[in-house]
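S.K.: Residue numbers (the UniProt record's numbering), protein chains in the order written: chain B, 1 to 247; chain V, 1 to 236; chain H, 1 to 223.
Be aware that one or more of the hints could be misleading.
[Unchecked claim] Once the Cα atoms are required to be at most 25 Å apart in a straight line, the calculated DSS-like pairs of lysine-lysine come out as:
id, chain 1, residue 1, chain 2, residue 2
1, H, K75, V, K195
2, B, K134, B, K96
3, B, K96, B, K133
4, B, K134, B, K184
5, H, K89, V, K195
6, V, K216, H, K47
7, B, K6, B, K96
8, B, K19, B, K64
9, B, K112, B, K134
10, V, K13, V, K195
11, B, K134, B, K114
12, B, K133, H, K216
13, B, K133, B, K114
14, H, K216, B, K96
15, B, K9, B, K64
16, B, K134, H, K216
17, B, K96, B, K112
18, B, K64, B, K26
[Said to hold, decoys possible] Sample of chain B residues facing chain H (criterion: CB under 7 Å; computed from the structure):
id, residue
19, F12
20, L51
21, R80
22, R81
23, N91
24, F93
25, Y137
26, Q140
[As the list claims (entries may be wrong)] Computed far set for chain B versus chain H, every beta-carbon distance over 10 Å:
id, residue
27, T53
28, A69
29, E115
30, K134
31, Q199
32, D229
Rather than coming from a laboratory, the hints here were simulated on the basis of the structure.
Built from N, CA and C at the ideal position, the CB exists for glycine as well.
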Amino acid sequence: MLLELKNLKKTFKNNHVLKGIDLAVKEGEVIAIIGPSGSGKTTMLRNINFLETADAGTMTLRQKRIDMAAPTQEQVLWTRRHMAMVFQNYNLFKNKTALENISEGLIFGQNKSKEEAETLASRALDQVDLLDKKDFYPSQLSGGQQQRIGIARATVLNPDIVLFDEPTSALDPELVGTVLRDMKRLAERGQTMIVVTHQMAFARDVADRVIFFADGQIIEQGSADDVFDHPQHERTQRFLSAIAEDY
Amino acid sequence: MFDSNFALHSFPKILSVAPTTIVLSIIATILGFILAVLIVIVRERNVKILAPIAALYVSFIRGTPIIVQMYVVYYGLPQLLVALKHAGLDTSTNGLPAMLIAILAYSFNASANISESIRSAYHSVDHRQYEAAVTVGMTPTRAMTRIVIPQLVANFIPNFANLFIDLIKDTAIVYNIGIVEIMAKANILSSIGFKYLETYLDALIIYIVICWIFAKLFQVGEAIDRYHTFHTQDSI
Amino acid sequence: MRLTKIMTTLLSGLPTTLTLLIFSFIFASVIGVCLAWLSLRRNPVAKGLARGYLGLVRGTPPLLMLLLAYYGLPKLFLLVGIDINDWAKLLFGIAGLSIGWSAYLSEAFRSAYLSVDPGQYEAALVVGMDASHAFWRILMPQTLLIALPNVENLLIGLVKATSLVYVIGIMDMYNTATDLSNQNQGVYQLEIFVVLAFIYWLVVLAIEWGFRQIRKDYQYVTV
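Construct all of the structure, not just a fragment, from the sequences and the given hints.
M.R.: Now the structure itself:
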């Protein structure tokens with residue numbers, strides 16, 4: 001196993017957002033997490049890379065065990081160096097150009113030289129077909145372009161796992177496709193990915209495993225066919241039929 | 001070294017002229033506000049000729065020290081009155097009260113600052129609010145008075161409070177033209193005893209308390225206004 | 001030409017005015033940053049200290065602040081055995097203005113820092129930066145950009161406030177003007193103060209132009 005979570009718990013005030021999550025991720029696996037909003041999907045991602053600190057739980061990443069409730073500073077930095085994240089609102093650095101957005105993490109997170117970082121960043125921009133925008137600031141780019149740069153910024157770090165937090169939710173409908181295409185390419189290259197998403201088509205086409213999340217727990221998981229076509233749990237059936245009306 | 005007895009003794013004397021400071025500030029702010037509203041209307045409606053003049057006026061006032069403005073009025077107003085007299089207007093040029101000069105100078109000063117503040121509050125109201133009001137059938141005037149202005153006021157009060165308090169502090173120079181307010185009284189008492197720090201500390205305390213009281217009053221006013229406008233209590 | 005004489009006389013005070021402006025602004029910014037840092041601590045003592053200083057300074061007329069610096073600082077320093085009575089008046093002028101403006105600037109910095117999008121910091125952490133890199137590379141530049149309009153207003157306010165140093169006898173541009181107007185037995189007083197107003201206005205317009213250039217340079221950075 002590349003990543004293993006055991007009994008991850010998180011409470012906000014009196015609200016149990018995560019009620020003991022167990023999750024194991026194999027190398028190269030693409031996991032789609034679906035479920036109603038407010039069910040704790042995003043919180044789980046944020047706990048995995050320590051943007052928030054869990055109340056309890058252990059994480060084993062590359063055979064290294066970390067107490068998720070009390071990680072040391074080195075463990076936090078080490079974990080983040082092995083993971084990358086793509087945000088719902090892109091969160092590109094507003095004061096950096098497209099190229100700088102990608103090279104920044106290489107220089108200041110991975111101590112690469114400026115020249116090497118810029119070479120790698122240019123290549124990453126090329127992979128998302130945006131090399132011609134390298135000197136543009138985020139405000140000059142469309143949401144779809146920003147998110148594809150967000151993906152390039154994550155993947156250039158050569159992470160073991162990329163976490164996607166609803167990467168297409170903030171996008172105009174016509175821009176969703178380009179971002180999903182880049183994500184699909186990434187999956188085909190064997191990148192391990194955990195994707196919180198409302199794009200059921202993406203989950204069906206690309207994910208090796210679909211996890212249905214509700215009320216801070218994993219209700220059901222399995223292959224896309226299992227979960228979408230033969231949901232076992234009543235909660236999953238209700239969710240799927242509710243969104244079916246939207247599509 | 002520090003004569004606390006003298007400081008204590010001077011305090012009530014300085015406090016007794018505090019109303020002069022406050023009255024000057026309030027009158028100048030009210031007059032300045034009226035002028036500011038006119039400036040805002042002229043500039044927002046882009047009235048021909050007047051709009052660029054108003055813009056220049058605001059820029060000039062905001063670009064010059066109040067003490068210089070005060071002396072321009074102090075030396076300029078009598079000359080203006082003389083000129084008017086020559087033009088046949090019945091004006092008296094003798095004995096212009098210092099208070100009148102100060103009120104004029106500070107009103108001009110306040111009008112420029114307040115007009116900028118109103119404008120930024122106006123621009124901060126979502127334009128779609130006005131559009132929505134017009135599409136439900138309100139006249140443009142009604143849309144302004146019923147929808148836009150109430151929202152503008154809530155945005156405007158904190159800035160207005162700052163401007164008013166700045167004005168109170170700025171009045172500390174009107175002793176130069178012979179008005180006996182807080183600073184003047186402190187200076188007079190100091191020069192009698194050649195003890196400066198004592199009376200200046202008295203003045204400091206009085207200014208801080210006055211500013212604090214007005215800041216609180218405006219905070220309460222804003223909270224009440226917000227409650228009436230939006231029925232929220234977030235800034236109380 | 002009397003206008004040229006007025007001009008040249010007044011302009012002789014401009015270097016002092018600009019010296020006051022530049023040094024006060026630098027010191028006030030440094031103190032302001034420290035104050036903002038203090039007031040953003042979780043430590044209640046640090047917070048209380050910063051808030052106390054702010055409350056005190058913000059209710060004080062700049063004129064009074066200059067007087068207090070001039071008469072008070074020497075006594076304060078004597079308490080710890082340092083005699084600064086012989087310091088140049090200019091230094092007291094700079095001290096008085098710096099103390100006053102540091103409070104305003106600290107508020108500008110603090111509120112700008114708080115309005116930086118928290119997602120920016122998270123993104124920096126997520127690409128592997130440590131907290132200090134995230135601060136210096138991402139948060140700090142954005143804070144400065146957000147603070148820019150307020151800083152511009154404060155700098156302009158400071159230009160105008162330098163005129164108050166007459167009160168401790170510094171020969172700045174304003175004091176030169178009053179001097180000239182007294183010399184002439186009050187003949188060209190209005191002219192003198194109108195010219196003076198225009199010079200201050202030009203200084204302010206120059207500052208506004210400078211800030212416009214900065215904004216133009218960063219027009220695509222929408223923080």
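S.K.: Now, for every hint given, state plainly whether the structure supports it.
M.R.: Hints and how they fare:
1. H:K75 / V:K195: holds, 13 Å
2. B:K134 / B:K96: holds, 10 Å
3. B:K96 / B:K133: This hinted pair holds, its Cα atoms lying about 12 Å apart.
4. B:K134 / B:K184: Distance ~23 Å between K134 (chain B) and K184 (chain B) Cα, so the pair holds.
5. H:K89 / V:K195: holds, 19 Å
6. V:K216 / H:K47: With Cα atoms ~20 Å apart, K216 (chain V) and K47 (chain H) stay inside 25 Å; holds.
7. B:K6 / B:K96: Violated, because 38 Å separates the two Cα atoms, which is more than 25 Å.
8. B:K19 / B:K64: Holds, because 23 Å separates the two Cα atoms, which is no more than 25 Å.
9. B:K112 / B:K134: holds, 19 Å
10. V:K13 / V:K195: holds, 15 Å
11. B:K134 / B:K114: holds, 15 Å
12. B:K133 / H:K216: holds, 20 Å
13. B:K133 / B:K114: holds, 19 Å
14. H:K216 / B:K96: holds, 16 Å
15. B:K9 / B:K64: holds, 19 Å
16. B:K134 / H:K216: OK: K134 (chain B) and K216 (chain H) at ~20 Å, within 25 Å.
17. B:K96 / B:K112: Distance of about 18 Å is within 25 Å: holds.
18. B:K64 / B:K26: holds, 15 Å
19. F12: violated, 16 Å
20. L51: holds, 5 Å
21. R80: holds, 5 Å
22. R81: holds, 5 Å
23. N91: holds, 4 Å
24. F93: Nearest chain H Cβ about 6 Å off; hint holds.
25. Y137: Interface hint status for Y137 (chain B): holds (4 Å vs cutoff 7 Å).
26. Q140: holds, 5 Å
27. T53: About 13 Å separates T53 (chain B) from the closest Cβ of chain H, which puts it past 10 Å; holds.
28. A69: holds, 19 Å
29. E115: holds, 18 Å
30. K134: holds, 14 Å
31. Q199: Check passes; 21 Å lies beyond 10 Å.
32. D229: holds, 35 Å
Hint compliance for this structure: hints 7 and 19 are not met, and every other hint is.
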